[in-house]
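Residue numbers (the numbering used here), protein chains in the order written: chain A, 99 to 281; chain B, 9 to 694.
Bear in mind the hints are in silico, worked out from the structure with no lab data behind them.
Each hint should be verified, as a subset may be incorrect.
As the list claims (entries may be wrong) - Some chain B residues close to chain A (C-beta under 8 Å, calculated; not the full set):
no., residue
1, ASP364
2, ALA366
3, ARG369
4, ASN372
5, PRO653
The beta-carbon is built from N, C-alpha and C at its ideal position, and this holds for glycine as well.
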Amino acid sequence: MRRLTWQAVVAGVGGQGVLFVTRVLAGAAARTSGRVLVSEVHGMAQRGGAVVSHLKAGPFAAPLVSPGRAECVLALEPGEAVRNLAFLAPGAALVVDAPGPEFLSPRARRVLARRGVRTLFHDATTLAREAGAPRGANLALVAAAAREGMLPFSPAELWRAVEAVTPPARLEANRRLWQAALA
Amino acid sequence: MGNEAIGRGLVEAGVQVMTAYPGTPSSEILPAVVRFGREVDPPPYCEWSVNEKVAVEVALSAAYTGKRTACAMKQVGLNVALDPVMSAAYIGVVGGFIIVSADDPGPHSSQTEQDSRLLAHFAKLPVFDPDSPAHARDLVAEAFRLSERFATPVILRPSLRVCHARQNLRLRKPRVLERPARFVRDPFRWAAIPKMRLALHQALNRRLEAIARHLGRSKRLNLWHAPLPPRGKARLGILASGIAAALARDVLAELGLPVEGGRIPFLQVAVPYPLPQGPVEELLAGCQRILVLEETEPVLELLAPERHKLWGRLSGHVPSAGELTPERLAAVLERALGEARLKVPRPRAKPISVPDQAPLRRPNLCPGCAHRMVFYALRRLFPDGIYPSDIGCYTLGLNQGAVDTCHDMGAAVNFAAALSRAYQMDGVERPVVATIGDSTFYHSGTTGLINAVYNGARFVLVILDNETTSMTGMQPTPESGLTADGHPGRAVDLMALIRGCGVEQVEEVDPYDLAGLFKALRRARRYAAKPEGSVAVVVARHACVAQRPREAIPRPVRVEVCGYAPATAPRFDPRAHACADCGRCVEICPAEALRRVRKGRIRVDATACTGCRLCVEVCPTGTLVLEPAGACVDCGLCRSWFNCPALVSSPEGGVAVDQKWCAGCGLCVEICLHGAIREAGQEVRA
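Take these sequences, add in the hints, and give me the full structure.
Rendered as structure tokens:
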């Protein structure tokens with residue numbers, strides 16, 4: 099087991115599958131670190147509001163990430179990426195479901211570059227729709243992030259975690275989408 | 009998940025009776041007991057109670073027979089249950105009894121930020137404050153032990169960040185308790201009259217002192233994360249409990265002062281009340297100053313001796329409202345360390361700050377939700393109405409301007425009775441139309457309805473019946489007849505219940521049938537407006553679109569906006585049709601563009617008019633004239649009164665249908681008065 103210490107923030111809006119992504123990352127982290135704490139949001143926020151979850155792998159006591167401490171912010175929607183930029187640590191990874199960085203102001207892009215933030219803007223929504231799985235944008239974004247080395251897990255480690263949290267009836271569809279998104 | 013860990017802990021400790029009323033952040037505890045309880049034979053009896061008071065009374069009295077019992081609720085639910093809780097401290101239990109009351113600092117999904125530990129103190133019950141899911145699971149076993157040793161109910165208070173945290177746990181084998189029911193008749197205890205209560209109170213005080221001494225000796229419940237210095241006094245020590253203790257440990261490590269380093273003595277108490285005197289006094293004696301970290305109210309701070317040495321909420325060192333997030337906690341710690349003249353090895357770096365603004369997002373009813381149609385109808389039919397509402401998904405009727413009050417479970421009924429009467433006392437018949445969900449109606453609506461009927465109140469009550477408790481995760485209601493653990497239940501007939509409360513005018517309607525809904529609401533209003541009338545109830549019943557989408561929308565349709573046109577104001581044409589001077593057009597205009605200049609004369613302010621055609625629709629004489637444009641004129645009516653998340657801004661300057669969100673209910677077709685939204689022709693899915 100690697101002694102992984104990793105903090106991440108997953109953001110989106112209700113219905114996009116933030117909790118699913120968090121469970122995948124938590125599953126992968128549990129296998130490589132052993133100690134994982136996750137904080138979720140439930141209740142009224144799930145009715146179309148902003149949803150964010152925090153993940154901490156390693157010797158932590160509490161599930162909330164401090165500003166400036168997340169090694170990865172993964173956003174299923176550009177607006178929610180903007181809302182959670184303050185969590186990024188210097189040199190962290192920013193992964194957003196967006197065709198490009200245009201949703202960020204030039205100033206924001208300069209600030210991110212100065213802090214050494216590695217960015218991945220990937221139109222996972224379009225990819226998932228074209229793959230016939232419009233609700234699978236969240237999974238497609240995780241696959242792209244894994245492929246680009248934005249996560250401390252290999253695609254194989256992540257797929258094992260996806261398998262563990264996917265209901266059996268959706269497994270085949272998720273496998274096809276995963277492979278399409280990795281390619 | 010923390011709530012599942014609590015459920016696991018209850019099953020592992022051999023819980024035999026479990027009751028709950030759902031409420032964020034507590035809702036997943038009872039389902040976890042049902043799920044894990046299947047490992048035990050026989051499994052624990054579990055029920056979704058109708059409200060929290062019922063839940064406490066059922067679990068409490070089951071503990072009189074020697075069984076281990078528990079109940080779960082959110083913190084405001086404890087308010088509902090406070091009556092039996094207060095008395096329970098005096099009378100005590102035989103089998104262990106835990107009340108789980110989940111707090112919501114923030115608040116994220118509650119009316120208040122109240123701290124259940126203060127209510128525990130008020131009720132004189134020991135309270136456990138876990139810092140993580142694993143800790144919560146372990147404290148359940150401790151709580152049962154304490155409960156049985158001292159024959160007292162105990163409270164377990166997890167806060168939201170414990171309830172909704174996830175962590176891996178190694179499962180332990182559930183205990184199977186051989187506890188046949190044995191109720192020992194003892195009326196002097198179980199039915200104590202006030203005279204005997206004095207002696208019980210004195211015994212309770214002695215018991216609390218004994219519990220405090222007992223707790224003070226526990227190493228597990230009083231954790232020294234960092235010890236006192238061997239000689240002399242530390243400049244600063246920390247006294248903490250619950251989630252604040254866990255956060256403080258992480259934040260101290262980030263500031264370069266990991267608790268393992270031992271620079272700052274750190275005592276975490278698992279039971280803030282009754283305060284474990286010994287360890288707390290030891291901490292006070294070994295430190296010049298103590299920073300008290302706890303969520304949400306100053307409980308340790310009020311209970312600890314030598315308050316002049318404490319820094320916390322009372323001294324202004326800790327913010328007195330809002331959640332203690334890592335960011336706020338870091339500021340608190342930096343200030344305290346600075347005032348204690350201690351160096352912060354790694355002060356916080358400034359986090360990324362950009363001028364970009366994240367979009368404002370308001371929670372909204374789901375696309376296809378039938379409640380949305382009811383709120384639209386209220387705006388249409390009762391433009392001068394007052395709309396008391398209640399607690400549930402439908403509070404989001406706020407977005408449609410059809411919710412005026414939201415207070416506590418069941419308040420809508422009583423608020424409607426009082427608000428309508430306040431006007432009727434002055435001889436004014438102002439429409440008061442209350443909305444309440446079915447689960448909330450069973451919880452606390454019936455008593456208000458009986459009271460309103462009995463006392464001659466006159467108003468319209470709409471029960472939004474989606475046959476489930478949606479907001480908290482689709483728990484069944486009495487009407488469904490489904491029970492929490494599958495034991496045989498019996499469906500309660502809602503219409504019979506309403507009639508049984510003394511209501512004579514009641515009808516059921518499907519809000520997807522807009523014409524039928526309008527008729528039912530008009531009939532209800534006519535009945536309630538008559539001096540000899542009473543409360544009129546409309547049950548608006550439709551399946552919850554989030555729970556049963558196929559039942560809610562059997563044939564989804566694809567809707568589209570068929571074009572865009574400039575808005576024009578209606579013409580007031582009294583020569584063709586004389587104005588009846590009814591005032592409806594002025595009353596309903598959302599833009600306040602109409603003004604009555606004299607009898608039978610209305611002036612239309614074309615600059616203010618949005619061209620929505622509402623005035624044309626309500627004009628009984630046809631004096632106001634504006635043909636439907638057959639295209640979107642960007643009047644904004646659908647957005648403000650219907651407010652479906654699938655109706656978004658179009659680049660052409662009107663609305664467009666966002667197919668990603670659209671549920672295909674087709675209701676927007678009916679509410680657009682310009683015929684701009686229409687079915688695209690064929691069905692999307694058969």
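Taking the hints in turn, this is what the structure says about them:
1. ASP364: Hint on B/ASP364: holds, closest Cβ of chain A at ~5 Å, below 8 Å.
2. ALA366: OK, holds: B/ALA366 within 8 Å of chain A, min 3 Å.
3. ARG369: Hint on B/ARG369: holds, closest Cβ of chain A at ~5 Å, below 8 Å.
4. ASN372: holds, 4 Å
5. PRO653: holds, 5 Å
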